[in-house]
Amino acid sequence: MNIQMLLVLLALALFSTMLLNTYNIVLDQSGLVYDNILYLQGQKIADRYFQRIESELLGDPPIFSFTAINSLYSNMSETVTVNNVIFNVQINSTYCDSLGNTPYADTLFQKVDIQMNCLSTSLDTLYIGTLASPFSKVFFSRGF
Amino acid sequence: MSSLLDVLGATVVGSMVLLMIFTSLFNMQVISYNTQLQIGLTKMSEDLITGRKTGSIDQPGIESILSKVGAGVSTSTDPIIEATSTSFKFLGQTNPTSSVSTLYFVQESGTSEGFPLYVYQNDMSNPIIGPFWMADTLEITYIDMNNNVVNTPDSNHDLIRAIKVSLTFFYDTYQPDIDKRLVRHNIVFWKYFKNLYL
Chain A
1 MNIQMLLVLL ALALFSTMLL NTYNIVLDQS GLVYDNILYL QGQKIADRYF
51 QRIESELLGD PPIFSFTAIN SLYSNMSETV TVNNVIFNVQ INSTYCDSLG
101 NTPYADTLFQ KVDIQMNCLS TSLDTLYIGT LASPFSKVFF SRGF
Chain B
1001 MSSLLDVLGA TVVGSMVLLM IFTSLFNMQV ISYNTQLQIG LTKMSEDLIT
1051 GRKTGSIDQP GIESILSKVG AGVSTSTDPI IEATSTSFKF LGQTNPTSSV
1101 STLYFVQESG TSEGFPLYVY QNDMSNPIIG PFWMADTLEI TYIDMNNNVV
1151 NTPDSNHDLI RAIKVSLTFF YDTYQPDIDK RLVRHNIVFW KYFKNLYL
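Just so you know, the protein sequences line up as chains A and B, in that order. Sequential numbering of the first sequence, starting at 1, is according to this note's numbering. Sequential numbering of the second sequence, starting at 1001, is according to this note's numbering.
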């Protein structure tokens, strides 16, 4: 009788483990989907800053000169709140060559790097673009 | 008597275990189903914003349509016709060889289905896009060249240089009467009107 009871309890424990594991996998997948939605929103935020810089460089004369853009975005930190999620955005601008390489910098080109982070659905920090792999765009001076 | 108590005890414990198992399975199914709906909703929303190809037809996205503001419009003409928080009517060429079109991006009156989003081109009774049902009203914010919000956009068209658009799409869940707003997708995007900077 005691052995039977122990076997039942063991089976229960094993089955619960399997159930918990499956539950965990389903929750993980759900978390991945919601984190990817944050990635998509992060890309839209990065695109906003690229559009803004492109626009500011347009016109004759433009709103900001090429050097003013470099100075303004050289080390800019901003927060953008979307759907109650706070995105901490870091923008850096550096002179570079036409391929975006900084060791051979030329004042005709500048590379704008954008990285950001926010809290994921699991409350971990989600990095959207990193210091080593940011969203990057190279801008060319129109002579202003 | 003691056997009867054993049986009753086993029944109670067994029922609790079965209840736990079925509750877990049900929860897993709900989470999986909602995740599946969320993926579909996100894909649909992104397609609407960025465009998609259906068969051989390229369906332009809202971002692409909004980028036409002021394209091919002479400097003496105001390219913006209407600018409110739920509608934006403007002039622009949709391609380099076409004539200037009137485009209208609007959220119309809400119904029990939600708030319908439409895009019209020239013909204001036959939309080229829509309806797409939103959970909340469309929120358009107008931005000037200094990145400040334009508070009275419809009377200050000349200040507008960009817009911020907030859209919230949703799915009817399998129990719409209980939790219609469960699966939602909020997108915020910005569009800078480069033609207005030139």
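Keep in mind that the hints were calculated from the coordinates and are not lab data. Just so you know, even glycine gets a beta-carbon here, dropped at the ideal spot from N, CA and C. Errors might be hidden in some of the hints.
[Unchecked claim] Under the rule of at most 20 Å between Cα atoms (straight-line distance), these lysine to aspartate or glutamate pairs were calculated in the EDC-like manner:
#, chain 1, residue 1, chain 2, residue 2
1, B, Lys1194, A, Asp60
2, B, Lys1164, A, Glu78
3, B, Lys1089, B, Glu1113
4, B, Lys1089, B, Glu1108
5, B, Lys1164, B, Glu1139
6, B, Lys1089, B, Asp1078
7, A, Lys44, B, Glu1139
8, B, Lys1194, B, Asp1078
9, A, Lys44, A, Asp97
10, B, Lys1164, B, Asp1144
11, B, Lys1043, B, Glu1108
12, A, Lys137, A, Asp28
13, B, Lys1194, B, Glu1108
14, B, Lys1043, B, Glu1063
15, B, Lys1164, A, Asp97
16, B, Lys1194, A, Asp47
17, B, Lys1089, B, Asp1172
18, B, Lys1164, B, Glu1113
19, B, Lys1164, B, Asp1154
20, A, Lys44, B, Glu1063
21, B, Lys1164, B, Asp1058
22, A, Lys137, A, Asp35
23, B, Lys1194, B, Asp1123
24, B, Lys1164, B, Asp1123
25, B, Lys1043, A, Asp47
26, A, Lys44, B, Glu1046
27, B, Lys1194, B, Glu1082
28, B, Lys1164, A, Asp60
29, B, Lys1194, A, Asp28
30, A, Lys44, B, Asp1047
31, A, Lys111, A, Asp124
32, B, Lys1043, A, Asp35
[To be verified] Cβ-Cβ distance ranges computed for the label pairs, FRET-style:
#, chain 1, residue 1, chain 2, residue 2, range
33, B, Asn1122, A, Tyr104, 48 to 54 Å
34, A, Leu12, B, Gln1036, 47 to 53 Å
35, B, Asp1078, A, Asn24, 56 to 62 Å
36, B, Ser1056, A, Ser16, 50 to 56 Å
37, B, Gly1110, A, Leu14, 34 to 40 Å
38, B, Asp1047, A, Ser16, 38 to 44 Å
39, B, Thr1097, A, Thr67, 36 to 42 Å
Legend entry - Numbers of the earlier hints that this structure fails to satisfy, in rising order: Per hint list: 3, 9, 11, 12, 13, 15, 17, 18, 21, 22, 23, 24, 28, 29, 31, 34 and 37 violated.
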